[in-house]
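Enquirer: Use the sequences and the hints to build the structure in full.
Number of protein chains: 2
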Amino acid sequence: MKRTHTCNQLTKSDAEATVTLVGWVKSVRDHGGVLFVDLRDRDGLTQVVFHPDYPEIHTAAGRLKDESVIQISGVVKPREEGTINPNMTTGEIEVSARELIIENLCDTLPFPLEDAKAEKVNEDLRLQYRYLDLRRDRMSGLLALRSKASKSIRDYLADEEFLEVETPTLFKSTPEGAREFLVPSRLNPGEFYALSQSPQQYKQMLMVAGVERYYSMARCYRDEDLRADRQPEFTQVDMEMSFIEREDMYKTIEGLLVKLWKDTLNVDVPTPFPRLTYVEAMNRFGSDKPDTRFGMELLDFSEDFAESKFKVFKSVLDKGGVVKAINAKGLGDISQGEVKTMEDAAKAMGAKGLAYIVVRGDDPKEWRSPILKFLSDAELEALKTRLEIADGDLILFAASEWEQACNILGRIRLESAQLLVKREKMSISEDQYNFLWVVDFPLMLFDAEAGRHVAAHHPFTAPVPEDIEMMMEDPTKARSQAYDIVLNGSEIGGGSIRIHQPELQDKVFKEVLKIPEDVVQSRFGYMLKAFNFGAPPHGGIALGFDRICAILGKTKSIREVIAFPKTQKGQDLMASAPGPATTRQLSDLHIGVIAEKTE
Amino acid sequence: MKRTHTCNQLTKSDAEATVTLVGWVKSVRDHGGVLFVDLRDRDGLTQVVFHPDYPEIHTAAGRLKDESVIQISGVVKPREEGTINPNMTTGEIEVSARELIIENLCDTLPFPLEDAKAEKVNEDLRLQYRYLDLRRDRMSGLLALRSKASKSIRDYLADEEFLEVETPTLFKSTPEGAREFLVPSRLNPGEFYALSQSPQQYKQMLMVAGVERYYSMARCYRDEDLRADRQPEFTQVDMEMSFIEREDMYKTIEGLLVKLWKDTLNVDVPTPFPRLTYVEAMNRFGSDKPDTRFGMELLDFSEDFAESKFKVFKSVLDKGGVVKAINAKGLGDISQGEVKTMEDAAKAMGAKGLAYIVVRGDDPKEWRSPILKFLSDAELEALKTRLEIADGDLILFAASEWEQACNILGRIRLESAQLLVKREKMSISEDQYNFLWVVDFPLMLFDAEAGRHVAAHHPFTAPVPEDIEMMMEDPTKARSQAYDIVLNGSEIGGGSIRIHQPELQDKVFKEVLKIPEDVVQSRFGYMLKAFNFGAPPHGGIALGFDRICAILGKTKSIREVIAFPKTQKGQDLMASAPGPATTRQLSDLHIGVIAEKTE
Numbered sequence: 001m002k003r004t005h006t007c008n009q010l011t012k013s014d015a016e017a018t019v020t021l022v023g024w025v026k027s028v029r030d031h032g033g034v035l036f037v038d039l040r041d042r043d044g045l046t047q048v049v050f051h052p053d054y055p056e057i058h059t060a061a062g063r064l065k066d067e068s069v070i071q072i073s074g075v076v077k078p079r080e081e082g083t084i085n086p087n088m089t090t091g092e093i094e095v096s097a098r099e100l101i102i103e104n105l106c107d108t109l110p111f112p113l114e115d116a117k118a119e120k121v122n123e124d125l126r127l128q129y130r131y132l133d134l135r136r137d138r139m140s141g142l143l144a145l146r147s148k149a150s151k152s153i154r155d156y157l158a159d160e161e162f163l164e165v166e167t168p169t170l171f172k173s174t175p176e177g178a179r180e181f182l183v184p185s186r187l188n189p190g191e192f193y194a195l196s197q198s199p200q201q202y203k204q205m206l207m208v209a210g211v212e213r214y215y216s217m218a219r220c221y222r223d224e225d226l227r228a229d230r231q232p233e234f235t236q237v238d239m240e241m242s243f244i245e246r247e248d249m250y251k252t253i254e255g256l257l258v259k260l261w262k263d264t265l266n267v268d269v270p271t272p273f274p275r276l277t278y279v280e281a282m283n284r285f286g287s288d289k290p291d292t293r294f295g296m297e298l299l300d301f302s303e304d305f306a307e308s309k310f311k312v313f314k315s316v317l318d319k320g321g322v323v324k325a326i327n328a329k330g331l332g333d334i335s336q337g338e339v340k341t342m343e344d345a346a347k348a349m350g351a352k353g354l355a356y357i358v359v360r361g362d363d364p365k366e367w368r369s370p371i372l373k374f375l376s377d378a379e380l381e382a383l384k385t386r387l388e389i390a391d392g393d394l395i396l397f398a399a400s401e402w403e404q405a406c407n408i409l410g411r412i413r414l415e416s417a418q419l420l421v422k423r424e425k426m427s428i429s430e431d432q433y434n435f436l437w438v439v440d441f442p443l444m445l446f447d448a449e450a451g452r453h454v455a456a457h458h459p460f461t462a463p464v465p466e467d468i469e470m471m472m473e474d475p476t477k478a479r480s481q482a483y484d485i486v487l488n489g490s491e492i493g494g495g496s497i498r499i500h501q502p503e504l505q506d507k508v509f510k511e512v513l514k515i516p517e518d519v520v521q522s523r524f525g526y527m528l529k530a531f532n533f534g535a536p537p538h539g540g541i542a543l544g545f546d547r548i549c550a551i552l553g554k555t556k557s558i559r560e561v562i563a564f565p566k567t568q569k570g571q572d573l574m575a576s577a578p579g580p581a582t583t584r585q586l587s588d589l590h591i592g593v594i595a596e597k598t599e
Numbered sequence: 001m002k003r004t005h006t007c008n009q010l011t012k013s014d015a016e017a018t019v020t021l022v023g024w025v026k027s028v029r030d031h032g033g034v035l036f037v038d039l040r041d042r043d044g045l046t047q048v049v050f051h052p053d054y055p056e057i058h059t060a061a062g063r064l065k066d067e068s069v070i071q072i073s074g075v076v077k078p079r080e081e082g083t084i085n086p087n088m089t090t091g092e093i094e095v096s097a098r099e100l101i102i103e104n105l106c107d108t109l110p111f112p113l114e115d116a117k118a119e120k121v122n123e124d125l126r127l128q129y130r131y132l133d134l135r136r137d138r139m140s141g142l143l144a145l146r147s148k149a150s151k152s153i154r155d156y157l158a159d160e161e162f163l164e165v166e167t168p169t170l171f172k173s174t175p176e177g178a179r180e181f182l183v184p185s186r187l188n189p190g191e192f193y194a195l196s197q198s199p200q201q202y203k204q205m206l207m208v209a210g211v212e213r214y215y216s217m218a219r220c221y222r223d224e225d226l227r228a229d230r231q232p233e234f235t236q237v238d239m240e241m242s243f244i245e246r247e248d249m250y251k252t253i254e255g256l257l258v259k260l261w262k263d264t265l266n267v268d269v270p271t272p273f274p275r276l277t278y279v280e281a282m283n284r285f286g287s288d289k290p291d292t293r294f295g296m297e298l299l300d301f302s303e304d305f306a307e308s309k310f311k312v313f314k315s316v317l318d319k320g321g322v323v324k325a326i327n328a329k330g331l332g333d334i335s336q337g338e339v340k341t342m343e344d345a346a347k348a349m350g351a352k353g354l355a356y357i358v359v360r361g362d363d364p365k366e367w368r369s370p371i372l373k374f375l376s377d378a379e380l381e382a383l384k385t386r387l388e389i390a391d392g393d394l395i396l397f398a399a400s401e402w403e404q405a406c407n408i409l410g411r412i413r414l415e416s417a418q419l420l421v422k423r424e425k426m427s428i429s430e431d432q433y434n435f436l437w438v439v440d441f442p443l444m445l446f447d448a449e450a451g452r453h454v455a456a457h458h459p460f461t462a463p464v465p466e467d468i469e470m471m472m473e474d475p476t477k478a479r480s481q482a483y484d485i486v487l488n489g490s491e492i493g494g495g496s497i498r499i500h501q502p503e504l505q506d507k508v509f510k511e512v513l514k515i516p517e518d519v520v521q522s523r524f525g526y527m528l529k530a531f532n533f534g535a536p537p538h539g540g541i542a543l544g545f546d547r548i549c550a551i552l553g554k555t556k557s558i559r560e561v562i563a564f565p566k567t568q569k570g571q572d573l574m575a576s577a578p579g580p581a582t583t584r585q586l587s588d589l590h591i592g593v594i595a596e597k598t599e
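Taken in sequence, the protein lines are chains A and B. Read in full-length UniProt numbering, the first sequence has 97 at position 97, and its numbers run on one by one without any break. Read in full-length UniProt numbering, the second sequence has 236 at position 236, and its numbers run on one by one without any break.
Nothing false has been slipped in among the hints.
If chains are identical, the list can't say which one is meant, so a pair holds when it fits in one copy or spans any two.
Derived lysine-lysine pairs resembling BS3-like cross-links, with alpha carbons at most 25 angstroms apart: (1) Lys569 x Lys529; (2) Lys151 x Lys251; (3) Lys289 x Lys251; (4) Lys2 x Lys12; (5) Lys259 x Lys151; (6) Lys314 x Lys373; (7) Lys2 x Lys251; (8) Lys259 x Lys148; (9) Lys262 x Lys151; (10) Lys529 x Lys65; (11) Lys529 x Lys26; (12) Lys384 x Lys425; (13) Lys352 x Lys314.
Worth flagging that the hints you see were computed from the coordinates, not collected in a lab.
Expert: What follows is the structure, encoded as structure tokens:
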């Protein structure tokens with residue numbers, strides 16, 4: 001090694017030692033002709049002093065710009081009394097430089113590398129100079145955190161006797177899923193691989209192969225429009241186990257997350273995690289990934305409004321819908337603009353409008369609301385009692401078909417919470433980790449557009465055993481053995497117990513999903529075949545590793561925990577990808593571009 | 001868990017316990033009406049007995065076929081005296097079944113799963129039923145070995161304070177390298193990603209970013225013709241370190257391999273590994289990846305033949321070439337057919353023919369060779385003395401330009417060794433691990449066809465400091481700071497110290513490689529730019545993880561250590577990939593197929 005010590009190592013006990021350090025110049029300060037350089041490496045900082053007594057290196061040091069790379073040799077000196085910095089490991093000493101090698105001078109930086117300043121810089125500029133952005137304390141900390149998280153998970157899974165197995169990413173196209181990246185095959189003209197969206201099929205084959213416990217930190221690919229903080233390639237902690245039931249999976253994942261939180265944040269997460277059925281999660285929180293760090297639960301007022309004079313509610317109820325409400329306590333000071341934003345959000349989710357009551361005083365007659373005049377005393381009293389209404393509250397309603405009403409009011413609940421946090425009337429701690437399982441999802445959804453059922457999770461998901469008959473009668477009423485792991489309102493993973501009986505799987509494809517036989521064969525034929533050769537009961541899960549790292553790092557965007565992320569247009573601004581291909585490349589691959597670049 | 005014990009757990013001390021086991025039926029045997037089932041799970045085997053006293057499950061067990069999946073509950077019984085199997089953990093007991101659940105019946109197997117039999121089966125059939133092939137003892141052992149190897153490497157690198165960083169695989173096209181897989185971009189019409197051939201550029205950017213020590217078990221992609229045991233996607237242990245010299249890398253990798261061999265094979269590998277310069281490796285073994293488990297070294301007879309009457313040798317020497325020879329001791333009984341095969345191999349490498357001498361007795365006059373009559377007594381004596389020739393030996397020659405002569409005779413050396421092993425006159429142990437470093441490679445090669453120099457390793461490789469001037473004069477004579485790690489004749493990894501000075505890198509691109517400025521800018525512009533913002537000295541390496549696992553597993557092909565490999569035509573015979581894409585998919589991607597499938 002060129003260096004004798006890192007920049008986070010030297011203390012008073014090293015005084016008078018001759019040392020060699022390497023690193024980046026964090027800053028150069030001139031105090032009365034003496035130059036003080038803060039030298040930074042991955043581990044920390046050390047103060048290096050260039051004295052005019054050593055004129056050659058003193059002059060050279062004068063040319064140093066921030067972020068240049070240097071190697072220095074010198075003598076460790078205790079700092080003078082008033083200049084000791086007790087907050088730094090190396091705060092007791094400085095190194096008096098005797099030799100200086102300038103490895104690499106730094107040009108003028110395109111943006112400052114102090115976190116507070118850099119985070120106000122245009123993200124595209126940061127992405128273009130990602131090698132500089134990653135030098136910042138916060139970003140290098142996030143890289144280190146991700147590495148530690150990966151090690152924690154792998155250690156846990158190895159201890160639990162999972163085998164790490166790598167599965168192919170050059171897979172076949174499965175057009176019914178999310179949009180895929182295609183890869184033309186040179187050796188098979190006119191044919192394409194698809195980049196694997198997940199190792200789902202391969203990991204089930206590994207169970208048939210007798211692996212029993214599989215894991216992989218699997219790179220997965222989805223060609224999505226990159227709204228909502230998605231990336232074209234992402235990493236999931238992918239697992240599958242044989243001879244298990246749901247309880248085994250809960251225990252395994254809880255153990256993994258407890259260790260992960262302990263190893264990375266030194267936080268003790270209590271177990272077992274609460275469990276909510278899908279129905280309960282929707283009813284209480286209006287979401288299948290509820291944030292339970294605050295209450296503001298949804299209440300159902302369908303019975304109270306069964307005979308209401310308010311036609312909007314009544315007609316929904318008559319059609320079998322529901323009326324639900326929340327009390328956003330203390331949000332009675334909501335502005336017209338804020339109401340409008342909420343209403344727009346509700347409408348975007350299919351609501352016709354947003355009914356609400358601003359509570360003033362104790363007497364419902366004094367409350368303010370366009371709907372107040374339609375409500376009977378009994379109805380108002382029911383609201384008041386059940387929602388524990390007090391002066392200054394805001395009551396918000398959703399009336400619609402059950403699932404839609406839940407989703408709308410769940411969204412309104414989150415918006416309300418944000419407004420309350422902004423007003424400092426509520427606090428939602430980033431240091432509180434409310435893990436929970438959501439279970440008993442419906443097995444099937446009805447796709448009204450296509451006029452047929454589609455798998456809510458995926459078509460290999462097993463129904464709850466006692467619901468198999470129901471699956472044939474009304475597939476949306478049958479519960480599946482799927483589970484999601486939710487943290488603070490984010491789904492951080494999900495999976496299911498799979499079907500391992502070929503007859504049942506066949507029935508799901510043909511009789512429930514009504515997929516034509518030839519399509520079943522071309523897409524899933526080999527899996528159905530494999531299930532005839534000794535397939536064990538099995539189930540699995542996939543955890544979103546990028547999302548988990550973002551939560552551990554208390555950062556909003558997964559782009560911050562990915563070393564070289566793509567932009568929303570799928571571009572790597574640093575390396576300039578994607579780009580044009582040569583005619584030769586395309587002809588080798590038997591393809592041509594059929595649309596000009598239109599922008 | 002459904003089971004109470006694995007199939008490798010129960011002993012005499014569990015007698016009379018009621019247990020539940022799950023697994024695959026390895027075999028069913030009927031002894032006088034009593035059915036004996038060997039039940040197998042990932043961990044081992046347990047004998048389960050179905051007695052006619054329990055008629056219901058006895059009848060059901062009678063229908064079981066090999067490889068069916070069952071769950072049984074029963075009572076542990078000590079085996080009778082003569083039936084104890086001391087070679088099995090569970091050999092003292094059997095489980096008398098009381099309950100049987102048949103989870104999955106197995107169809108008739110397409111091929112037998114005993115290793116010896118299965119390995120004679122057509123590989124395509126095995127690949128089509130990979131989920132069965134992987135159940136075999138040998139294959140499941142290889143999967144477990146790979147998982148263990150990965151864990152060993154990761155633990156070592158974490159202890160050495162390497163950060164694991166994931167880099168993108170959707171990269172830009174770099175058409176000068178190996179052939180790439182292209183991925184059309186939907187969001188950027190007419191543009192393409194290339195699947196990364198290695199994280200080379202990103203890992204160098206991570207060094208500029210100050211990561212200092214990076215590693216990744218990186219999936220890499222090359223669209224090669226899949227001869228010679230290559231796979232389109234493969235895994236490399238990818239590393240890069242800042243502030244190091246070559247010695248630091250040697251020490252780090254030696255530590256990694258020592259731990260890996262200990263953890264997986266319990267073999268102690270001695271360090272430091274021997275080092276050979278490229279020139280020495282070529283001169284002595286005729287290869288830059290020499291197998292040193294046996295000698296048969298090449299000797300140079302150029303001086304001895306300087307005035308030879310044998311025109312073939314003389315004319316080569318007059319043109320500055322060399323004459324080299326090996327003594328394949330004891331191979332004097334080589335057949336005409338074997339000589340022909342060797343000669344063909346030599347010719348395929350550019351030789352005009354293969355000169356050889358079959359040694360009979362002690363007197364050179366009695367030796368047999370078409371070239372004997374041209375050789376002087378002094379020349380024969382030189383051969384005899386320096387090659388320590390004895391009765392029954394075979395002397396083989398190569399005469400050509402130095403590099404070609406070395407390569408040809410190196411190949412002949414390996415062929416000779418194989419023939420000697422076949423004759424049991426030599427043994428090359430699979431349990432001997434001769435690691436070595438090959439260093440001081442030439443920096444540049446001259447591409448006669450293109451009429452210019454090309455980088456021997458890659459264009460970021462640093463020259464040996466004292467050879468920088470030579471690089472400008474004669475680039476092929478300058479040595480690089482590249483290194484290969486070689487094991488038993490296989491290159492298992494390679495890397496280099498990189499250039500971190502933008503001026504030197506620029507000079508290499510423009511003055512040595514003569515790459516036009518615009519091409520340099522479009523391909524490497526961002527790297528050259530990054531090197532102006534505080535780039536530390538750095539170097540790295542990549543180890544071929546698939547090849548290493550194959551060597552650890554004592555298997556010839558990397559296909560055996562990859563869970564789901566592709567065929568030589570790049571096909572996944574199990575899942576049927578690649579396949580056609582829909583018109584909709586192609587139009588979304590702005591491409592069309594321009595050649596019909598021609599087969």
